[in-house]
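Novice: If you read the protein sequences in the order shown, they are chains A and B. Following the working numbering, the numbering of the first sequence begins with 1 at its first residue and continues without gaps. Following the working numbering, the numbering of the second sequence begins with 1001 at its first residue and continues without gaps.
The set of hints was computed from the structure by calculation and includes no laboratory data. Remember, predicted model here, so these are calculated numbers, not experimental data. Built from N, CA and C at the ideal position, the CB exists for glycine as well. All the given hints hold, so there is nothing to weed out.
Here are the simulated DSS-like pairs of lysine-lysine, each with C-alpha atoms no more than 30 Å apart in a straight line:
no.: 1; chain 1: A; residue 1: K4; chain 2: A; residue 2: K205
no.: 2; chain 1: A; residue 1: K249; chain 2: B; residue 2: K1207
no.: 3; chain 1: A; residue 1: K205; chain 2: A; residue 2: K95
no.: 4; chain 1: A; residue 1: K205; chain 2: B; residue 2: K1159
no.: 5; chain 1: A; residue 1: K207; chain 2: B; residue 2: K1097
no.: 6; chain 1: B; residue 1: K1159; chain 2: A; residue 2: K207
no.: 7; chain 1: A; residue 1: K95; chain 2: A; residue 2: K207
no.: 8; chain 1: A; residue 1: K94; chain 2: A; residue 2: K205
no.: 9; chain 1: A; residue 1: K94; chain 2: A; residue 2: K188
no.: 10; chain 1: B; residue 1: K1178; chain 2: A; residue 2: K4
no.: 11; chain 1: B; residue 1: K1178; chain 2: B; residue 2: K1159
no.: 12; chain 1: B; residue 1: K1052; chain 2: B; residue 2: K1207
no.: 13; chain 1: A; residue 1: K205; chain 2: A; residue 2: K188
no.: 14; chain 1: B; residue 1: K1159; chain 2: A; residue 2: K4
no.: 15; chain 1: B; residue 1: K1097; chain 2: B; residue 2: K1178
no.: 16; chain 1: A; residue 1: K207; chain 2: A; residue 2: K188
no.: 17; chain 1: B; residue 1: K1097; chain 2: A; residue 2: K205
no.: 18; chain 1: A; residue 1: K188; chain 2: A; residue 2: K95
no.: 19; chain 1: A; residue 1: K207; chain 2: A; residue 2: K94
no.: 20; chain 1: A; residue 1: K249; chain 2: A; residue 2: K52
no.: 21; chain 1: A; residue 1: K207; chain 2: A; residue 2: K4
no.: 22; chain 1: B; residue 1: K1097; chain 2: A; residue 2: K4
no.: 23; chain 1: B; residue 1: K1159; chain 2: B; residue 2: K1097
If you want the ones that stay clear, here's a sample from chain A, every Cβ over 10 Å from chain B, calculated:
no.: 24; residue: V37
no.: 25; residue: E39
no.: 26; residue: F46
no.: 27; residue: Q56
no.: 28; residue: R69
no.: 29; residue: L78
no.: 30; residue: M79
no.: 31; residue: F154
no.: 32; residue: Y183
no.: 33; residue: I189
no.: 34; residue: I201
no.: 35; residue: M282
What follows is each chain in one-letter form.
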Amino acid sequence: MATKTQNSRAWLFVLPVVVLVAFNALIPLMTVVNYSVQETFGDNVFFWEGVKWFEQVLHSERFHASLLRQLMFTSIILMIEVPLGVAIALSMPKKGIGVSVCLVLMALPLLIPWNVVGAMWNIFALPDIGLLGRMINGLGIDYNFTQQPGAAWFTTILMDVWHWTSLVVLLAYAGLRSIPDAYYQAAKIDGATPWAVFRFIQLPKMKRVLTIAILLRFMDSFMIYTEPFVLTGGGPGNTTTFLSIDLVKIALGQFDLGPAAAMSLIYFLIVLLLCWVFYTLMMRHEAQ
Amino acid sequence: MRRFTWLVPTLYILFLMLPIYWLLNMSFKTTNEILGVFTLWPREFTLDNYRKIFTDPTWYNGYLNSLSYVVMNTVISVTAALPAAYAFSRYRFLGDKHLFFWLLTNRMAPPAVFALPFFQLYSAVNLFDTYIAVALAHCLFNIPLAVWILEGFMSGVPKELDETAYVDGYPFWRFFVKIFIPTIAAGIGVAAFFCFMFSWVELLLAKTLTSVAAKPIAATMTRTASTAGYELGLLAAAGTLTIIPGAFVIYFVRNYIAKGFALGRV
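Please work from the sequences and hints to get the whole structure.
Specialist: Here it is as structure tokens:
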């Protein structure tokens, strides 16, 4: 923006934020970097190990497997939640009491603590006492998410769709609301089909909010930990062990600090890289 | 076809409500009924689960703990983010773009990466197991978000407002507090809503940084579930109660959610 004035004292304004975030971000990050290049046998004695842990993690099949699961999970939920959220936002009422009712009820899953979401879906989907489990089994399909990998994936994805589609709906709805009525009237005069209205008016106007929705959903689903951990515990076997779950298992379960730290850094870098790619792609698109 | 568009949101809301209904249903049942028979409605309606939570200090303290650090975090995040967002929306300064992107990268850091170093850091500064520790730790992802949201809202306010105030002889802080903050009240509402939301639902860090005195409710739940066998009714009642503060907050900001998003850059 060209209207901004040069002002170096602005640093004073951002100082509190920088201090607070740096305290929380840089010190732990340095700790992680520290662990990632050292070996310890307890008693706070450390040995320099160089990049050994990084090589080990990058070559480990376990890491590849959980990374692959993570990528699959994230792409599946993005492919479901984004179109579904847009479709729901498009068919929501435009004014009246219905708007408030819809918004309040839809936002509800977003404000439930994540382990409660996991626990809730656990008792909802259990084949013996859960409503969902009973219903699916009642249809004649053998379903038990604690034992069948397919069912575990299905339940985890359904849970995430339940939990987060509303975020896309809220953002897309806000984008739709910012379109002036004149656009629709012009489209009507031109005899535009509903598809054309969507393609040339609504979608371009929603681009910005959808960008944010996709970015937020991407980041959060890539870090998902609590919900699947409470729901399936990463099982059956390792079939729903996503990156964060695997990382906590190594760091706190086995207390392998070196490999865990190296894995943390690689994990963080992957998230950063993918976000940066998304971000630049979208900015370039916007500049055009 | 237009006539049936209401069906989509209705079906969606129905889908959203089903697990919540089941949780409520469970919370009014006795453990025997839950494990013994499959009923869509509690046959022996009981309030024992709720009574237990409201009379047992380890339970209700969990709620107070959670609410305390969430409110603290929301206040800290929004207060710190206000001047910063103003600087980002009004001024150019050395490294502003890089700083903004760096702030956002912290929103992308997986909490699992930071769990162990956080524990060591807050133990080292003697803040382990206090409200302020969790409140400060949650700043890691809430401050970037608050700055991001507020900056969007502030950029929507024309610069002429600032200039007119200076011409009228307002000193900066008086202008900021008396005029600017009321102008972007909706933005503050939305930012506070998101800070509240992400602090309230986060558990991994909150659990890592507390043991007894500041233990969040969600952590009390997990421990009870594992130690006291399988008290599903109690678990369901506690879960139901964690939904209430959220519902309360949404009800208050319901008008801002739709309008607020659109007003800001978002």
